[in-house]
Amino acid sequence: MPKTVLKVENLHKSYGNLEVLKGISFQVRQGETTVIIGSSGTGKSTLLTCINQITPPDKGRIWLEDIEITDPKTDLNMVRSSIGMVFQHFNLFTHLNALDNVRLGLTVVKKISPERATEIGIEKLKLVGLEDKLHSYPAELSGGQQQRVSIARALAMSPKLILFDEPTSALDPELIGEVLNVMIELAKSGMTMIVVSHEMGFARAVANDIIFMENGVIVEEGTPEAMFNYCKNPRTREFLHKITELYGGKKE
Amino acid sequence: MSFPELAWSILPKLLEGMVVTLELTIIAITMGALLGIPIALGRVYGSKLIYIFCTFFVEIFRGTPLLTQLFILYFGLPSVGVMLSPFTAAVIGMGLNSAAYQAEYFRGAIQSVKEEQLIAAYSLGMKQVQAIRYVVLPQMLRLVIPSWSNELIYLLKYTSMAYMIQAPEIISQGRLISSRNFRTFEVFIVITVIYLVVVLILSKFLDLMESKFRIPGL
Numbered sequence: 371m372p373k374t375v376l377k378v379e380n381l382h383k384s385y386g387n388l389e390v391l392k393g394i395s396f397q398v399r400q401g402e403t404t405v406i407i408g409s410s411g412t413g414k415s416t417l418l419t420c421i422n423q424i425t426p427p428d429k430g431r432i433w434l435e436d437i438e439i440t441d442p443k444t445d446l447n448m449v450r451s452s453i454g455m456v457f458q459h460f461n462l463f464t465h466l467n468a469l470d471n472v473r474l475g476l477t478v479v480k481k482i483s484p485e486r487a488t489e490i491g492i493e494k495l496k497l498v499g500l501e502d503k504l505h506s507y508p509a510e511l512s513g514g515q516q517q518r519v520s521i522a523r524a525l526a527m528s529p530k531l532i533l534f535d536e537p538t539s540a541l542d543p544e545l546i547g548e549v550l551n552v553m554i555e556l557a558k559s560g561m562t563m564i565v566v567s568h569e570m571g572f573a574r575a576v577a578n579d580i581i582f583m584e585n586g587v588i589v590e591e592g593t594p595e596a597m598f599n600y601c602k603n604p605r606t607r608e609f610l611h612k613i614t615e616l617y618g619g620k621k622e
Numbered sequence: 008m009s010f011p012e013l014a015w016s017i018l019p020k021l022l023e024g025m026v027v028t029l030e031l032t033i034i035a036i037t038m039g040a041l042l043g044i045p046i047a048l049g050r051v052y053g054s055k056l057i058y059i060f061c062t063f064f065v066e067i068f069r070g071t072p073l074l075t076q077l078f079i080l081y082f083g084l085p086s087v088g089v090m091l092s093p094f095t096a097a098v099i100g101m102g103l104n105s106a107a108y109q110a111e112y113f114r115g116a117i118q119s120v121k122e123e124q125l126i127a128a129y130s131l132g133m134k135q136v137q138a139i140r141y142v143v144l145p146q147m148l149r150l151v152i153p154s155w156s157n158e159l160i161y162l163l164k165y166t167s168m169a170y171m172i173q174a175p176e177i178i179s180q181g182r183l184i185s186s187r188n189f190r191t192f193e194v195f196i197v198i199t200v201i202y203l204v205v206v207l208i209l210s211k212f213l214d215l216m217e218s219k220f221r222i223p224g225l
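Listed in order, the protein sequences are those of chains S and Z. The opening residue of the first sequence carries number 371 in this note's numbering; numbering runs sequentially from there. The opening residue of the second sequence carries number 8 in this note's numbering; numbering runs sequentially from there.
Since the hints were derived computationally from the structure, they do not count as laboratory data. Some clues are possibly wrong.
Stated by the list, open to error - Cut-off 20 Å, straight-line C-alpha distance, at most; resulting in silico cross-link-like pairs (SDA-like, lysine to any residue): (1) S:Lys373 x S:Lys480; (2) S:Lys377 x S:Leu446; (3) S:Lys481 x Z:Arg140; (4) Z:Lys134 x S:Val449; (5) S:Lys377 x S:Leu388; (6) Z:Lys134 x S:Asp470; (7) Z:Lys121 x S:Leu511; (8) Z:Lys134 x S:Thr477; (9) Z:Lys121 x S:Ala509; (10) Z:Lys134 x S:Lys602; (11) S:Lys530 x S:Asp502; (12) Z:Lys121 x S:Asp470; (13) S:Lys480 x S:Ser528; (14) S:Lys503 x Z:Lys211; (15) Z:Lys211 x Z:Lys20; (16) Z:Lys20 x Z:Met8; (17) Z:Lys219 x S:Glu510; (18) Z:Lys164 x Z:Lys121; (19) S:Lys480 x Z:Ser210; (20) S:Lys503 x Z:Arg140; (21) S:Lys377 x S:Leu511; (22) Z:Lys134 x S:Val589; (23) S:Lys480 x Z:Lys219.
As the structure is a computational prediction, the values presented were derived from the model and not from experiment.
Work out the full structure: start from the sequences and follow the hints.
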């Protein structure tokens with residue numbers, strides 16, 4: 371069995387009186403893709419930002435391989451540099467072109483030489499099909515292209531894990547496919563990924579695990595096969611039925 | 008002497024004054040920026056103590072007239088044994104005053120850099136200093152150009168206050184000339200035109216800077 375890349379144990383997070391995460395535990399093994407679904411406001415995005423500690427959790431422990439991220443002694447910047455993050459609104463650096471967006475983390479955080487960073491940058495942008503947009507600025511790119519740059523930016527850091535926070539929900543429908551295709555290729559190439567998304571076609575194609583969250587807890591978890599065909603909880607069934615209708619992903 | 012002849016004859020002296028005016032402006036704006044940027048960063052990212060110190064500085068220098076600041080520096084400090092030349096006193100006074108105003112422009116620009124830009128930087132593993140250096144500052148400096156242009160043009164005209172402490176800038180030269188030839192009206196018309204020409208050249212230059220540093224597509 372492949373080794374565990376990420377282990378989350380009893381994670382809690384509240385904003386004031388609102389308890390967003392009420393004890394989340396799960397694991398992700400190397401090379402696996404976990405898709406997290408659930409209606410908005412159930413803490414899916416908070417869970418992702420708690421993993422890389424952009425939002426510090428109140429309680430619970432998280433391990434990235436052997437390193438306990440939640441240990442106060444852990445070098446957070448080092449951990450973050452090995453966890454990729456892809457955002458709903460891309461969050462590309464607006465003042466840098468595509469290549470420099472990919473290079474910045476390499477030169478500043480990883481202290482890689484500018485020449486080598488350029489090579490890596492070009493390689494990763496090629497991988498997402500943007501070798502002809504190296505010198506375009508974010509505002510000159512379509513949403514789909516921007517999201518692919520942001521995937522290249524995450525990939526360039528050679529992360530152990532990439533977190534995707536609703537990567538296609540800010541995109542026009544005709545641009546979703548190009549981003550999902552890149553993500554499918556990534557998953558197939560053995561990247562470990564956690565994806566918050568309702569794209570059930572994607573989940574069916576590459577997910578090893580689907581987690582259904584509601585009101586800050588994991589309601590049910592299982593393989594796509596099990597979740598689509600034999601899920602036990604009526605809420606899970608209802609939700610899956612709804613999003614399959616909305617986002618597709620029925621078996622052809 | 009006709010007006011053109013008069014204008015021509017006093018022009019060298021007035022331009023000499025304008026050179027001093029420009030020197031004052033350039034040194035003060037540079038000093039203001041070098042102080043203003045750290046003060047703005049201190050007010051946005053600093054600890055409580057740094058925040059209080061920076062806010063105190065801004066409120067003092069923005070909340071009192073430039074003229075009183077200049078008088079204190081030039082006429083007041085000698086009583087505690089510090090003698091400054093008119094030019095030095097003017098440069099220090101205007102530099103500190105401009106720092107307070109520029110700090111506010113820079114602070115506004117820093118705060119209009121989107122939070123998500125910082126989150127992306129932290130997610131890559133950057134430390135706060137790195138995120139500020141490589142993400143916030145380059146965006147902030149572009150955002151600040153329009154209001155900063157205003158400050159530069161204001162400052163150029165505000166240097167006329169240095170006349171009150173006898174710095175040999177263009178107004179001082181004008182007063183000197185008009186006290187000899189009694190043609191105050193014409194002398195100050197020429198001075199006005201010189202100011203206007205310099206301001207127009209400056210704002211053209213600032214427009215060029217703004218478009219040169221514009222982010223493509225934005």
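Numbers of unmet hints, in rising order: Hints 1, 5, 10, 11, 14, 15, 18, 19, 20, 21, 22, 23 are the ones this structure does not satisfy, whereas the remaining hints hold.
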